[in-house]
Amino acid sequence: MSVQPVPSTFFREIARNRRNSWILVLVVAVVLGALGGAIGGATGFGWGGVTVALVIAFFMSIGSYYAGDRLVLLSSGAKEVPQQETPDQYRQLLNVVTEMTIASGLPMPRVYLINDSAPNAFATGRDPKHASVAVTSGLLEKMDREELQGVLAHELSHVGNFDIRFALLVGVLVGSIALLSDWFLRFTFWGGGRRDGGDRDRGGGGAAAILFIIALLLAVIAPLIGRLVQLAVSRSREELADVSAVELTRNPLGLARALRAISDDPEVLEVANRATQHLYFVNPIKSFENRAKSMWDTHPPIAERIAVLRGLAGQFGQDPAAIG
Amino acid sequence: MAPIWIVLIVLIVVVAFVVFIYNGLVQRRNIVDEAWNQISVQLKRRHDLIPNLVNAVKGYMDFEQETLTKVIEARGAAVSAAQAGPAGAAASAQAENFLTGALRQLFALVENYPTLKANENVLKLQEEVTTTENQIGFSRQHYNSVVRDFNTSIQTFPSVLIAGMFSFRARDYFQIEEADAVVPTVNLRS
Numbered sequence: 000m001s002v003q004p005v006p007s008t009f010f011r012e013i014a015r016n017r018r019n020s021w022i023l024v025l026v027v028a029v030v031l032g033a034l035g036g037a038i039g040g041a042t043g044f045g046w047g048g049v050t051v052a053l054v055i056a057f058f059m060s061i062g063s064y065y066a067g068d069r070l071v072l073l074s075s076g077a078k079e080v081p082q083q084e085t086p087d088q089y090r091q092l093l094n095v096v097t098e099m100t101i102a103s104g105l106p107m108p109r110v111y112l113i114n115d116s117a118p119n120a121f122a123t124g125r126d127p128k129h130a131s132v133a134v135t136s137g138l139l140e141k142m143d144r145e146e147l148q149g150v151l152a153h154e155l156s157h158v159g160n161f162d163i164r165f166a167l168l169v170g171v172l173v174g175s176i177a178l179l180s181d182w183f184l185r186f187t188f189w190g191g192g193r194r195d196g197g198d199r200d201r202g203g204g205g206a207a208a209i210l211f212i213i214a215l216l217l218a219v220i221a222p223l224i225g226r227l228v229q230l231a232v233s234r235s236r237e238e239l240a241d242v243s244a245v246e247l248t249r250n251p252l253g254l255a256r257a258l259r260a261i262s263d264d265p266e267v268l269e270v271a272n273r274a275t276q277h278l279y280f281v282n283p284i285k286s287f288e289n290r291a292k293s294m295w296d297t298h299p300p301i302a303e304r305i306a307v308l309r310g311l312a313g314q315f316g317q318d319p320a321a322i323g
Numbered sequence: 000m001a002p003i004w005i006v007l008i009v010l011i012v013v014v015a016f017v018v019f020i021y022n023g024l025v026q027r028r029n030i031v032d033e034a035w036n037q038i039s040v041q042l043k044r045r046h047d048l049i050p051n052l053v054n055a056v057k058g059y060m061d062f063e064q065e066t067l068t069k070v071i072e073a074r075g076a077a078v079s080a081a082q083a084g085p086a087g088a089a090a091s092a093q094a095e096n097f098l099t100g101a102l103r104q105l106f107a108l109v110e111n112y113p114t115l116k117a118n119e120n121v122l123k124l125q126e127e128v129t130t131t132e133n134q135i136g137f138s139r140q141h142y143n144s145v146v147r148d149f150n151t152s153i154q155t156f157p158s159v160l161i162a163g164m165f166s167f168r169a170r171d172y173f174q175i176e177e178a179d180a181v182v183p184t185v186n187l188r189s
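These protein sequences, in sequence, are chains A and B.
First residue of the first sequence? That's 0 in numbering that gives the first Met the number 0, and the numbers climb one at a time after it.
First residue of the second sequence? That's 0 in numbering that gives the first Met the number 0, and the numbers climb one at a time after it.
The set of hints was computed from the structure by calculation and includes no laboratory data.
Be careful, since some hints might not be right.
What the hints assert, rightly or not - 25 Å max Cα-Cα, derived SDA-like pairs, lysine to any residue: (1) Lys43(B) with Gln82(A); (2) Lys43(B) with Leu93(A); (3) Lys141(A) with Glu127(B); (4) Lys123(B) with Leu73(A); (5) Lys123(B) with Arg144(A); (6) Lys116(B) with Pro86(A); (7) Lys123(B) with Lys128(A); (8) Lys43(B) with Met107(A); (9) Lys141(A) with Ala107(B); (10) Lys123(B) with Leu216(A); (11) Lys43(B) with Leu73(A); (12) Lys141(A) with Gln37(B); (13) Lys123(B) with Asp143(A); (14) Lys123(B) with Gln82(A); (15) Lys141(A) with Leu73(A); (16) Lys128(A) with Gln37(B); (17) Lys116(B) with Lys128(A); (18) Lys43(B) with Glu84(A).
So that you can see chain A by itself, here it is in the shape it has in the complex:
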């Protein structure tokens, strides 16, 4: 008899995330299919272009579903913390994760460490049985026990309500499309221009036309991608994870103090990028990219999250003023 995840928000969120994951895969298939169609039409390859694109979309989706978490962890430079014969300095980290798995009824995730002094954390994986939680060494240094517990409870809430699955698919699928579009745009407008002569000699006018069409298409798709990333981590998603975390720890102040400490910290997380930023506990990009405030804003403002937690403090007999 397995234990069901506890927090009251989990069931609704699980259904929503499962549905959104399918929609995302379909959207990506349609987008790639359209691209393939455009290329096929321009080259006289016809429906073959669509077929090839759909096959690519299929393998990309399968790949990100089963191996995306390893890709994300690898690209963040995360190292697994051994759960047997754990070094003393990581004992507390594993203890706190264990406590939160007991509170939530979730299986023990793999725990990873990112060697970076900026305090932050994320969770990834396709479902609770294949989940990983990663924290930075800065988080371990700068958080006290209660704050660490709040952060990990937040991450395990993402695991419990399947946010991790949707976020993973967004990260890998949308990330690779964004990368493709960046690459194509750069190639056609700058790189293509610079090597103009050589290209024309070899590919002729047809290739340039195809690239132009692709670039146009991608220009249309780009805002859509931005919207998808936003959808992945809408404000309510982060705030829901905060509330579920409080349901687990019964300690709103611990989480609020962690948020305050992390947002006050001047260090920048170097391993985060556009494809992984939405996974993190606190948006790691914001501090150095001003643009992040508009289109790529994936997290609600810290002050808002703290205000919600402050409202909860009273319900647990804590003093809201103690957050500072």
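Using the hints, position chain B against chain A.
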């Protein structure tokens, strides 16, 4: 011939009904037992850690003998209370609460001894005691909620009939604190 069939069908339906409810009750009782086992493993771990902790701090805290004695006594009471199994959940919870109080006092005293606070062995034991205490706390929430499910099902109709027939008994809660019952409410769509 017809009446025999009717009697037979009714009999089968009744038996199927009893079997169905009986199995459901057994399943719930097993879940309660499983939840209790989880707690008792943690209680045992806690009881095993305390002598080590007392030994580690003893040399430094000659003047705090009273507190140490209190911790040891509270541990003894908790160990014997835990032996009663799930039937003694309420008594066990009380003894554990008392032990928690004694340990709090001990940890507060440790703060006064800089050499103790810097002792890695003590720090390690303190972390282990803290996490065990937290784990007991979180397991308790789970245990209490499965006990609530079980007790409700043996007290409500129609399962109460079968529960009476096979003498299922309501289980004790492992200490109910008001704060445990709180589900945070917040309006995020505003």
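Query raised in the report: Going straight from one Cα to the other, do Lys43(B) and Met107(A) come out at no more than 25 Å?
Result: holds (21 Å)
Query raised in the report: Is the hinted pair Lys141(A) and Gln37(B) satisfied, with a Cα-Cα distance of at most 25 Å?
Result: Distance of about 32 Å is beyond 25 Å: violated.
Query raised in the report: Does Lys43(B) pair with Gln82(A) here, judged by a C-alpha cut-off of 25 Å?
Result: The hint holds at about 21 Å.
Query - Hinted pair Lys141(A) and Leu73(A), Cα distance within 25 Å - result: holds (24 Å)
Query raised in the report: Between Lys123(B) and Gln82(A), does the CA-CA distance stay at or below 25 Å?
Result: Distance of about 16 Å is within 25 Å: holds.
Query - Agreement of Lys123(B) and Lys128(A) with the hint, judged by alpha carbon distance not exceeding 25 Å - result: It is violated: about 30 Å lies between the C-alpha atoms, which goes past 25 Å.
Query raised in the report: Within a Cα-Cα threshold of 25 Å, do Lys116(B) and Lys128(A) meet the stated pairing?
Result: Since the Cα atoms of Lys116(B) and Lys128(A) sit roughly 38 Å apart, the hinted pair is violated (cutoff 25 Å).
Query raised in the report: Can the restraint linking Lys43(B) and Leu93(A) be considered satisfied, given a maximum Cα separation of 25 Å?
Result: With a Cα-Cα distance of about 20 Å, the restraint between Lys43(B) and Leu93(A) holds, given a limit of 25 Å.
Query - Holds or violated: Lys128(A) to Gln37(B), with C-alpha atoms at most 25 Å apart - result: The hint holds at about 20 Å.
**Report entry** Lys123(B) paired with Leu73(A) [C-alpha distance capped at 25 Å]
**Finding:** Judged against 25 Å, a Cα distance of about 31 Å means the pair is violated.
Query raised in the report: Has the given pair, Lys141(A) with Glu127(B), been kept, meaning a C-alpha gap of at most 25 Å?
Result: holds (20 Å)
Report task. Would you check the hint for Lys116(B) and Pro86(A), treating anything up to 25 Å between C-alpha atoms as holding? Result -> Between Lys116(B) and Pro86(A) the Cα gap is close to 20 Å, so the pair holds against 25 Å.
When each numbered hint is compared with the structure, violations occur for hints 4, 7, 10, 11, 12, 17.
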